[in-house]
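Student: Using the sequences and the hints, build the whole thing.
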Amino acid sequence: MNKETKNVMIVGVGGQGSLLASKLLGRLLLDAGYDVKVSEVHGMSQRGGSVVTYVRYGEQVYSPVIDRGEADYIVSFELLEAARWLPYLKKDGQIVTNIQQIDPMPVITGAQTYPEGLVEKMRGTGAKVDALDCLALAEQAGSPKAVNIVLMGRLSHYFDMPEEAWQKAMEAIVPAKFLEMNKKAFALGKNA
Amino acid sequence: MKELMLGNKAFARGLYEAGCCFVSSYPGTPSTEVTEEAAKYDEIYCEWAPNEKVAMEAAFGASLAGRRSFCGMKHVGLNVAADPLYTMSYTGVNGGVVICVADDAGMHSSQNEQDSRHHAIAAKVPMLEPSDSAEALAFAKLAYQLSEDFDTPVIMKMCTRVAHSQSVVETAERVVPERKAYEKNIPKYVMMPGNAIRRHPFVEERTRKLREWAETAAINRVEMGGTQLGIITSSTSYQYVKEVFGDSVSVLKLGMVNPLPEQLIRDFAAKVEKLVVVEELDPIIENHCKVLGLTVSGKDLLPMEGEFSQNMLRGAFGKEVPEGTAIEDTIPMRPPVMCAGCPHRGLFYTLSRNKCTVLGDIGCYTLGAVAPLSAMDMTLCMGASISAIHGYNIAGDGENEGRTVAVIGDSTFMHSGMTGLANIAYNQSDSTVIILDNSITGMTGHQQNPTTGYNIKGDPAGKIDLEALCRSMGFQRVRVVDPYDLKACDIAVKEELAAKEPSVIISRRPCALLKYVKHNAPLAVNTEKCIGCKSCMRIGCPAISIKDGKARVDATLCVGCGVCEQLCPVGAFESTKKEAI
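As you go down the protein sequences, you meet chains G and B in turn. My numbering applies: residue 1 is where the first sequence begins, and numbers increase by one. My numbering applies: residue 1001 is where the second sequence begins, and numbers increase by one.
Hint data in this document are derived by calculation from the structure and do not stem from the laboratory. Wrong hints could be hidden among the right ones.
Listed next, the in silico PhoX-like pairs over lysine-lysine satisfying Cα-Cα at most 25 Å (straight line) [stated by the list, open to error]:
1) 6/G with 1319/B
2) 1299/B with 1271/B
3) 1002/B with 168/G
4) 128/G with 190/G
5) 1319/B with 91/G
6) 1124/B with 1209/B
7) 1515/B with 23/G
8) 1487/B with 1457/B
9) 3/G with 1002/B
10) 1518/B with 177/G
11) 1550/B with 1529/B
12) 1515/B with 177/G
13) 145/G with 184/G
14) 1319/B with 90/G
Everything numeric in this text was worked out from a predicted model, so none of it was measured.
Tutor: In structure tokens:
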């Protein structure tokens, strides 16, 4: 088991469903015997704003938050959000991002523009970026809402954790009627 | 069993295990989930009260009846409940009383950043401060014991990072103490001058005893790690200290922040070469050290504003701060916005178009201040919209009445808008008040309130009729509009502003996020008709954007409210609903 505390950030736009992803990770890591902290912010920022969840695990975790330059992984539901939180990535950290783009209000009103070529630009800083169309994969699995599980499937690719542990955590977290669909979404993400 | 639990849920678990029987609260981020989680236990009676003052007084009543009771609120809520708190300090309790106050350093969802510890000091009541979920659970139980042992209400201070972080807890069984009989005790419970004069010395003596308790309490613990640097800290700041220093410095971790120990702090200070206090917001522990005559650092190193973090501490203590890299492009901000289909949008568009001065209030609708609507001039505190419009109109030499409105949500109106409305009805200013009735307490995540007809468990409850209430106060002009109907909104606002008497407009439509609300099929833009005039962009709907000079609707967000459709001069918005054959 890793003694050193590891850091996973889940970022996205309020209302995208990062709750299930952090719940799944929390369960997985707790079952594996780690000390775990999961931190999020509720309230006004959730109304379509930029949202972030911190997941930390290790032998003993103190701070509930992740700071700049500390994240081992950034899992992003939306491309601009991956770029926004990029400064939080550790030097050799890994980004896993959905390529979906959601315009924020300043872009909608024309006050600012949505930057182009974000994946290449992030790679240009030396970051390792795994970008995939999670929405398409989620729809293929049966529901656009499964984007979170597609992303978790992709993250599992980089995690030193047996497949059965992920399956067990999913069985504990996901309601039975959605389990099969979510398992499919997980596999599609993992093997993408 | 070990489980990962939200700080607020762990707090609720602590209430449950301690045998709490009565909970009355008003929602407020980041405190809301304590009460919502408590409501999941059938053994605890739980309710949403109209405001924090009512909640605290209800909890006091339950205590009189001999039960362990609780009320929860955010930091600014304690201002509302300060009145009962300061005198409950004198009366003390029968059954234990625990009060949750959740501070919001960083103002994730608040209008100010006040430090609730001042209230504990001023009211002379003990305050505990957990640093994670396990402590939230344990301290809640301890708080009841202190409450009953020392005859005092006890405040538990949460903060966003403790309230909204999940960490590992171990749960235990619920133990309910026997209900204490109520005994008539006029000198203790009737706080008129003659009795209160005799209770004040009791309060001072209690504080002395609590301070003595604090000197040796297990929740105020020393973790020695060398003599070079000693840090006094509490709450989430403790976690940042441990994150940065591990066991390499000595730490005095305070679980009780009022009253503060004296000898314990002196002894700790004597053991270390340099003493630093790490505390968010105000320098309360630091000033206490200074009063003790100790040489101490604190706010000379760390800010008074905002949340701390491990990197902030690393920087302040001269340690290496990890660097991150950014791309060169400016990343557009993503501020919170009114949701697609939000019923507040149509009304705020109307106010914007009529160039109204809008005295606002606390709720989702405060987002009416955001561009492009920018339809708000003031937001102060719960209820202030209605009280302030009265003063603004009267002092404006007749220039304000015809173009000024107060806007307030249904829950905020119940909280503290009614008294302001009584002032208008009584002192008769020509004020126009708009109640934005979306039939729920929205911003804090959908809590019921006295106008919705349902209680905290979702069961049918009493329902206050807003129209009847306003009329009974003496308002002759009370009308209801549908905020999805822009024309009706425009007529209502114009007519009520023109009227030479007080008036109320109830803008009524349930929050678009409520599960029972049925949505229309999303709209789509007929790009052949769209002339790219951007009329539809004036309402700031997140579902509408301009692509290649034409409006475009995001079908995954659009709920078909049709407000944009009413602005389009060429009828380019069309329903995606398939025509019935």
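Student: Each hint should be assessed against the structure and marked as holding or not.
Tutor: Comparing the hints with the structure gives:
1. 6/G with 1319/B: Answer holds: residue 6/G to residue 1319/B is near 20 Å, not above 25 Å.
2. 1299/B with 1271/B: Holds - the C-alpha atoms of residue 1271/B and residue 1299/B are around 22 Å apart, at most 25 Å.
3. 1002/B with 168/G: 17 Å, holds
4. 128/G with 190/G: 17 Å, holds
5. 1319/B with 91/G: 18 Å, holds
6. 1124/B with 1209/B: Status holds; Cα separation ~12 Å.
7. 1515/B with 23/G: Distance of about 23 Å is within 25 Å: holds.
8. 1487/B with 1457/B: 38 Å, violated
9. 3/G with 1002/B: 20 Å, holds
10. 1518/B with 177/G: OK: residue 1518/B and residue 177/G at ~24 Å, within 25 Å.
11. 1550/B with 1529/B: 9 Å, holds
12. 1515/B with 177/G: 20 Å, holds
13. 145/G with 184/G: Between residue 145/G and residue 184/G the Cα gap is close to 13 Å, so the pair holds against 25 Å.
14. 1319/B with 90/G: Given that 25 Å is the threshold and the Cα spacing comes to 17 Å, the pair holds.
Checked against the numbered hints given earlier, the structure breaks only hint 8 and satisfies all the rest.
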